[in-house]
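Q: Each chain is listed here by its residues.
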Amino acid sequence: MSETRSRDVTIPIGPQHPALKEPTSFSVTLSGEKILQVGVRLGYNHRGIEKACESRSFIQSLYLIERVCGICSHSHSSCFVQAVEEIAGLQLPHRAMYLRTIIAELERLHSHLLWLGVAGHEIGFDTLLMYTWRDREIVMDLLAAITGNRVNYGMNTFGGVRRDISPEQKADILKAMDTLEERTKYYISVATEETTLIQRLSGVGVLSHDDAIRLGAVGPTARASNVKRDIRKDDPYAAYDQVPFEVITSDLNDVYGRTLVRVRELMESYKLIRHLLNSLPDGPIAVKAPRKMPAGEAVSRYEAPRGENVHYVRANGSEKPERVKVRAPTLANVQAVAHMLIDRYLADLPIVVAAIDPCFSCTDRLIDLTREGGGRCDVITWGQLHDYSLRWYKKQGMDLSKLNSRFKCGESS
Amino acid sequence: MSDMSQEQAIQTELTAAYPCLQDTVRIQRARRLYAAVPRERIGEVFAFVVRKMDFSMLCAITGLDEGETLGVIYHLARPDGTMLNLSASVPKERPILRSVTGFFPAADAYERELIDLLGFQVEGLGPGPHYPLPDDWPAGQYPLRKDWTAPDQAGPPRQGSENPDV
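Protein sequence lines correspond, in order, to chains A and B.
Numbering follows numbering that gives the first Met the number 0, in which position 77 of the first sequence is assigned residue number 76; successive positions increment by one, without gaps.
Numbering follows numbering that gives the first Met the number 0, in which position 117 of the second sequence is assigned residue number 116; successive positions increment by one, without gaps.
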């Protein structure tokens, strides 16, 4: 297999189930098992939320914005309210800032625990998936108890938060932090002592420090390439300038480093939540916000579990925003992940992509196939692919031509 | 009021290099500066702040429909958290920008978004797929323009109680 191949093969991975639970499409050019080139197609789940906000009131937009992401919903809603509160000149009560930060860190916990399980799953370590997702339920239950929802908490409103944390809930959260901390210590020991895991993740998905900066990587992806960037420290918001915590970095530059950064960030979040709860100021949880926002603009930044979130809001003095712009962290990490895959093995693609903790939606409706013997690339349509699959199954002795014939309508799209 | 000396230093440096920005650079709050730049100077000012003033991160690019013109805002940041938002307006009938992918490769997706959603033309941006719209999106339809409405919005509202498929 060592001789130079005259033909390289381009295969599509995705958009459906590209080793992830979200649609995205990779067009991967291979020489044998080595990846030569990667094309990433995004946008499949573009829902026009920015445009939709322009025809809705600020408060309606807040609930819509919270639905940009199903995992880091509080990240988006907080990023948006911060921008609007700056435009409106609202000064939040300290208690509201603290409560917003507590929810933010609970969200980071469940997001990182979810990621750890996904990473385990992608490398065939499903026990880790079962463990971490069981533990994640503890956080989900806390969020449900505080806000009424497991995701899309509806905690934020302009001028503060909508729900308080009672002394009983505080006790429950503190107890849960102890349990989760014990569990996380176990995960750290697994991550630092389990040789199968270390060897599978080390040297995979390498992103050098300089490349991380050049390609604009954010969040744990950047921090695992020793780029000490964290919006919570660099451009503090909510209560982050009043609480002690460390920015976790690693100089390993690979998927293993990203794993260590995330598990250690969990430990920092437990510390943060305890500190916030134990120093929770008394007082109101919100101030009254106007229905019409004054004309103005603001840019808000937020350290979501996956990295920096950026929202830009422009108000024109009416009840509706003039413009809402959302930049989610995965978009900043896409260039970096394409770079990480080059010259690496195809089998590493799932874990390398999963290691940025992607949250994207994408499309690609065309399939590139290299014709045997010819080396020329042809494009085949969905209908041709459908017919091809029917012929292939017929050769295996199965006639599927009467099944799901309505799928053929996909040809027109 | 917090100490704004760092923001004022940035304002002074920028206006010293570009006196035309004298009246447009403003400090909105700690770590947030805005500057409206004449469109013929935007490339030059962008290069200056990136190369000479340590604004080494491009956080996002926002496009806006301003009526007669299309607006663009480059959200640049320093590692210390200070953000400078450089804006410029270009005529709607000739909405041409120079690509900044030479400075920031990650700008690729941001610029494709300007093209797809607002109809900007970005010179120097290499060929690539649509983002975020589908490949078969009709030409000349720019969803974030103010006069654009989704075709199905004109139809009658769906009745929640009716479900003919069940």
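Be careful, since some hints might not be right.
[To be verified] Calculated lysine to aspartate or glutamate pairs in the DMTMM-like style (CA-CA distance at most 25 Å, straight line): (1) B:LYS91 <-> B:ASP146; (2) A:LYS50 <-> B:ASP107; (3) A:LYS50 <-> B:GLU92; (4) A:LYS291 <-> B:GLU92; (5) A:LYS319 <-> B:ASP146; (6) A:LYS50 <-> B:ASP53.
[As the list claims (entries may be wrong)] With beta-carbon atoms standing in for the labels, derived distance ranges: (7) B:ALA15 <-> A:LYS174: 52 to 60 Å; (8) A:ASP163 <-> B:PRO18: 50 to 58 Å; (9) B:GLU92 <-> A:TYR344: 34 to 42 Å; (10) A:ARG161 <-> B:LYS145: 27 to 35 Å; (11) B:ASP134 <-> A:ILE58: 46 to 54 Å.
Rather than coming from a laboratory, the hints here were simulated on the basis of the structure.
Just so you know, even glycine gets a beta-carbon here, dropped at the ideal spot from N, CA and C.
Q: All hints are to be evaluated individually against the structure, with a verdict given for each.
A: Status of the hints after comparison with the structure:
A C-alpha spacing of about 13 Å is found between B:LYS91 and B:ASP146, which places the hinted pair at or below 25 Å, so the restraint holds. Taken as a hint, the A:LYS50 and B:ASP107 pair is honoured in the structure, with Cα atoms around 21 Å apart against an allowance of 25 Å. Restraint check for A:LYS50 and B:GLU92: the C-alpha separation of about 22 Å stays at or below 25 Å, so the hint holds. With a C-alpha separation of about 33 Å, the suggested pairing of A:LYS291 with B:GLU92 is violated against the 25 Å cut-off.
About 16 Å separates the Cα atoms of A:LYS319 and B:ASP146, which keeps this hinted pair within 25 Å; it holds. Between A:LYS50 and B:ASP53 the alpha-carbon distance is near 33 Å, which puts this suggested pair outside the 25 Å criterion. Separated by about 58 Å at the C-beta atoms, B:ALA15 and A:LYS174 satisfy the suggested range of 52 to 60 Å. A:ASP163 and B:PRO18 have their C-beta atoms about 53 Å apart, which keeps the hinted 50 to 58 Å range intact.
Range check, B:GLU92 to A:TYR344: about 50 Å between beta-carbon atoms, so the 34 to 42 Å window is missed. Restraint check, A:ARG161 to B:LYS145: a C-beta distance of roughly 32 Å satisfies the suggested window 27 to 35 Å. The supplied range of 46 to 54 Å is broken by B:ASP134 and A:ILE58, whose beta-carbon atoms lie about 36 Å from each other.
Hint violations for this structure: numbers 4, 6, 9, 11, all remaining hints satisfied.
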